[in-house]
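A.B. asks: Here is how the chains run, residue by residue.
2 protein chains.
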Amino acid sequence: MSDSTMHGNKSKIRTGTNFTAYKSGARSEWPDHSLEIPGLGEIHGKHFLKDIVGFTGSEISINSLPPGAGMPFYHQHQENEEIYIFIQGRGQMQIDGEIIDVQEGSVVRIAPNGLRTWRNNSHEPLLYIVAQMRANSLRQYGFGDGVVSEKKVTWPN
Amino acid sequence: MSDSTMHGNKSKIRTGTNFTAYKSGARSEWPDHSLEIPGLGEIHGKHFLKDIVGFTGSEISINSLPPGAGMPFYHQHQENEEIYIFIQGRGQMQIDGEIIDVQEGSVVRIAPNGLRTWRNNSHEPLLYIVAQMRANSLRQYGFGDGVVSEKKVTWPN
Numbered sequence: 007m008s009d010s011t012m013h014g015n016k017s018k019i020r021t022g023t024n025f026t027a028y029k030s031g032a033r034s035e036w037p038d039h040s041l042e043i044p045g046l047g048e049i050h051g052k053h054f055l056k057d058i059v060g061f062t063g064s065e066i067s068i069n070s071l072p073p074g075a076g077m078p079f080y081h082q083h084q085e086n087e088e089i090y091i092f093i094q095g096r097g098q099m100q101i102d103g104e105i106i107d108v109q110e111g112s113v114v115r116i117a118p119n120g121l122r123t124w125r126n127n128s129h130e131p132l133l134y135i136v137a138q139m140r141a142n143s144l145r146q147y148g149f150g151d152g153v154v155s156e157k158k159v160t161w162p163n
Numbered sequence: 007m008s009d010s011t012m013h014g015n016k017s018k019i020r021t022g023t024n025f026t027a028y029k030s031g032a033r034s035e036w037p038d039h040s041l042e043i044p045g046l047g048e049i050h051g052k053h054f055l056k057d058i059v060g061f062t063g064s065e066i067s068i069n070s071l072p073p074g075a076g077m078p079f080y081h082q083h084q085e086n087e088e089i090y091i092f093i094q095g096r097g098q099m100q101i102d103g104e105i106i107d108v109q110e111g112s113v114v115r116i117a118p119n120g121l122r123t124w125r126n127n128s129h130e131p132l133l134y135i136v137a138q139m140r141a142n143s144l145r146q147y148g149f150g151d152g153v154v155s156e157k158k159v160t161w162p163n
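Chains as they are written, first to last, in the numbering used here: chain A, 7 to 163; chain B, 7 to 163.
Careful: at least some of the hints might be erroneous.
Given that identical chains are not distinguished, each listed pair holds provided it fits within a single copy or across any two copies.
Straight-line C-alpha distance at most 20 Å; calculated EDC-like pairs for lysine to aspartate or glutamate [to be verified]:
#1 K16 - D102
#2 K16 - E35
#3 K18 - E156
#4 K18 - E48
#5 K158 - D38
#6 K56 - E85
#7 K16 - D151
#8 K16 - E130
Worth flagging that the hints you see were computed from the coordinates, not collected in a lab. No experiment lies behind these values; they were computed from the predicted model shown.
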């Protein structure tokens, strides 16, 4: 069980003028993450990335739930949309009382007001990514925001 | 090779008042996605999710690059920060001329101005998620934006 402190992550981080790269560990290591939430106790298998990697437009966590485990509470958000991307395994989300079966490849968008919880009701680990961004904050996107360079791509040998 | 049209995805989508859930397919199906980019031709293994799932704060794509493949161009962004999360395999990113080895679990944040490209220089498929959000758009996050309900969690039998 290794908490992710800035200190402990120093060797896993590389920073350049326009980037920060972080080694969060292989999927098999996701269950080892944990964090302390004031008033809610220790949450196992959740690893927030924003403050480590320096995101400015989102908070993103990588997550693992063992078989039979589930979030012990419902929650909503004030202004952030949440997106859940399921990477491995099977489980269920419950949003405003509706049950949604999720599995590897499921993507679920939840508006701030959605009352949500989720669980792993399978016999394998459930791995997923949760991203939160301010709802309606995106103005342009994809190739509409991108600028392709005319510079020819080269790689060192 | 199945392009992801809204029409073709209808059976994979479920919508509620505060959510949209989408089945994008297992990781093994990620290479089957493709899309047409005006002026750049067909891009294989890239699947944009925003317009399918209705994101309002981000564009997110799920991506697969076969061994030996790489992006044929450099690009920057106008106002969006990009985050790359590597899910499986090994490869390299190149940002402003710096080479970064990436692997399962690597997370890379790139500021809009970073000139970026990437490749799979390994012998296995490289799977990754790319998210773009407007830089500096997040005002509060994590449990600072969340509201935990006092309602007791129940699941149907």
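A.B. asks: Take the hints in turn and mark each one as holding or not.
C.D. replies: These are the hints, each one checked on the structure:
1. K16 - D102: Result: close neither inside a copy nor across copies, 41 Å intra and 22 Å inter.
2. K16 - E35: within (18 Å within a copy, 35 Å between copies)
3. K18 - E156: neither (33 Å within a copy, 38 Å between copies)
4. K18 - E48: Answer is neither: 23 Å inside a copy and 35 Å across each miss the 20 Å cutoff.
5. K158 - D38: neither (42 Å within a copy, 27 Å between copies)
6. K56 - E85: Answer is both: 17 Å inside a copy and 18 Å across each meet the 20 Å cutoff.
7. K16 - D151: neither (32 Å within a copy, 27 Å between copies)
8. K16 - E130: Close neither inside one copy (32 Å) nor across copies (29 Å); limit 20 Å.
When the structure is compared with the earlier hints, violations turn up for hints 1, 3, 4, 5, 7 and 8 and for no others.
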